[in-house]
Amino acid sequence: MKTGTVEKMEPRFKRPLLLAVLAGLFLVALIGVDSVHSITKDASFCVSCHVMQPAYGTWSHSSHREIVDCNGCHTDQRNYLTKTYSKVTSGVKHLVNNTFGDIPPRIRIATADEAIVQQNCIRCHGEVTRNVRMDPTRSCSDCHRYTPHSNFR
Amino acid sequence: MKKYKLLLGLAALLLVLVAAGCGANNEQAVSFRADIPEGTLSAEEFGKYYPKQFDSYKKNSEMSNQGTKYGGSEEYDKLTQWPFLKELFAGYGFSKEYNEDRGHVYTLTDVKKIKRINEKSIASCWTCKSANVPGLVKEMGDSYYATNFHELTSKMQEPITCANCHDPKTMNLVITQPPLRNTLTRLGKDPDKLSHQEMRTYVCAQCHVEYYFAGDKKVVTFPWDKGFTPDDILAYYEEQNFVDWEHPKAGTGEIKVQHPEFETFQGSVHQAAGLACADCHMPYKMEGGEKISSHWWTSPLKHIEESCMTCHREDPEWLKQRVFYTQDKTANMMAKVGNINVEAIHAIEAAAKAGANPAALEEARKLQRKAQFYIDWVGAENSMGFHNPQLTMESLNKSLDLATQAKLKAIEAQTGVAAPSWQTPAPMTAENAVKAKQEAAGTETGAEKKE
Chain V
1 MKTGTVEKME PRFKRPLLLA VLAGLFLVAL IGVDSVHSIT KDASFCVSCH VMQPAYGTWS
61 HSSHREIVDC NGCHTDQRNY LTKTYSKVTS GVKHLVNNTF GDIPPRIRIA TADEAIVQQN
121 CIRCHGEVTR NVRMDPTRSC SDCHRYTPHS NFR
Chain R
154 MKKYKLLLGL AALLLVLVAA GCGANNEQAV SFRADIPEGT LSAEEFGKYY PKQFDSYKKN
214 SEMSNQGTKY GGSEEYDKLT QWPFLKELFA GYGFSKEYNE DRGHVYTLTD VKKIKRINEK
274 SIASCWTCKS ANVPGLVKEM GDSYYATNFH ELTSKMQEPI TCANCHDPKT MNLVITQPPL
334 RNTLTRLGKD PDKLSHQEMR TYVCAQCHVE YYFAGDKKVV TFPWDKGFTP DDILAYYEEQ
394 NFVDWEHPKA GTGEIKVQHP EFETFQGSVH QAAGLACADC HMPYKMEGGE KISSHWWTSP
454 LKHIEESCMT CHREDPEWLK QRVFYTQDKT ANMMAKVGNI NVEAIHAIEA AAKAGANPAA
514 LEEARKLQRK AQFYIDWVGA ENSMGFHNPQ LTMESLNKSL DLATQAKLKA IEAQTGVAAP
574 SWQTPAPMTA ENAVKAKQEA AGTETGAEKK E
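Residue numbers (the numbering used here), protein chains in the order written: chain V, 1 to 153; chain R, 154 to 604.
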């Protein structure tokens, strides 16, 4: 596909320029995403919203505190892309809810996010539970409902 | 130079061997697929491949009531514990010997020595006592059930073993017992297409259920066609006019209830929350760095930490007291209701001896049959109410009501004096009560206006 503008440009010039612009954008995006990741990676970021205080407080008194923070369980840890995607989607949701939304007195995990938490339980505890055959409709937290947020979840 | 190459080659070989060794270790990670040959029944054979589970299975031979209040796995006489049972089961095997059940490993020993088995007993009584049964039923068809009990004694080699619930090749849970397979199929449920969580209840429901011997072939059958509640099951037996034996004192055709643990559990808070039998009775426990499900079937009161505390993070002693709260109330109530049931039997007996009105006496007997069914439902169920406290109390209440009516009817048959009766209205919600009151007020004002 040729457009008028490109035709007028010198051929040896157009490709490197385009590539350079794309690479630049990619770099900016990468740095941007990465800096967002680094800002949001600690529990201290999550608890900067008041509503997360009970979740933070219970976690910070649990044995999980030493091993994983909020993201370790609540974002999709399979790879960089899934981690970014899950963090962005729930982050935006939380932002909207916290700014405009009706926050219920008792916050419960969204059904879609349960699967992410389940996957992360297995991520660490898979070896220990290799003898356990679990029904796909059930999750670890069905029974371990106090882990790690005490009776707040 | 050559030597150097040789050395290098050897080192490489060693490295490969070490790596292979490590790799082999890792492959053991999936430890539940031993491909045990089809038809293996002995627990020891399974135990060679699944030693941790087998260790817990062996604990079933331990006999103790430690930590429990109303029975663990010690064999004791229920007729001594509950004297009213001897009166209820007069004329039937259960009045001869009725013991608390021991573990799965004792099934063969116990069924062979119990006084309820006589020379006329049939093979149906073996059905839940041996892993050999599914194979025998396959061989003999329905003629298995009415075969003489003693004819098959030599064929019963294994007690209840791994093979009763597991496919030896895949270790998948599987329903092997023909009575449950038949019943589920009859009710339109495919026994091979249940979810894993359902299976964790249904493998237990192969035996821990109410059943009866149907027809001349005496096929072990589960009366679930109308539902699982005691009301549904009584209605089923009433429709069939089913009678286990004739009570010599009451002259009533009675029904004997058998351990309806599965049915009682239905509708309970734990069942509604999605739990299976195995969640409390086979809790996961750490064994050498991995979790296995315990195969020591006993009262969870013996291992509250693994059973209750996974979900309920309260003090174990507090949790135990909560269980006792339900069980004590059930036991007290059962003892009282048991007495009234005996009084009903005695009243009918006295009336019959005195040559009472036969129609009224027959009515009293019908009431007594139902009353006995409801209390037996609770007495035969092995949790002293805990599997479903509300249903258990309801059943005891129904038994109390029916036994009282039976007693008064028998006295009426003898004396001609009917006891006062008052039919209470059906339960009314607050909303309906408000409406009813308004309607009543409306008609009153309407009447006043007319005047």
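Bear in mind the hints are in silico, worked out from the structure with no lab data behind them. No residue lacks a Cβ here, since even glycine has one placed at the ideal position from N, Cα and C. Incorrect hints may have been included.
[Said to hold, decoys possible] Derived SDA-like pairs (lysine to any residue); straight-line CA-CA distance at most 25 Å:
#1 R/Lys-379 - R/Gly-420
#2 R/Lys-444 - V/Cys-121
#3 R/Lys-444 - V/Asp-135
#4 R/Lys-455 - V/Tyr-146
#5 R/Lys-444 - V/Asp-142
#6 R/Lys-444 - V/Leu-22
[What the hints assert, rightly or not] Just a few of them, taken from the derived set where beta-carbon distance is under 10 Å, the chain V residues facing chain R:
#7 Ser-60
#8 His-61
#9 Arg-65
#10 Ile-116
#11 Val-117
#12 Cys-121
#13 Arg-123
#14 Glu-127
#15 Asn-131
#16 Arg-145
#17 Ser-150
So, against the hints stated earlier in the document, which numbers end up violated here? Going through the list in order, the structure violates hints 6, 7, 8, 9, 10, 11, 12 and 13 and respects the others.
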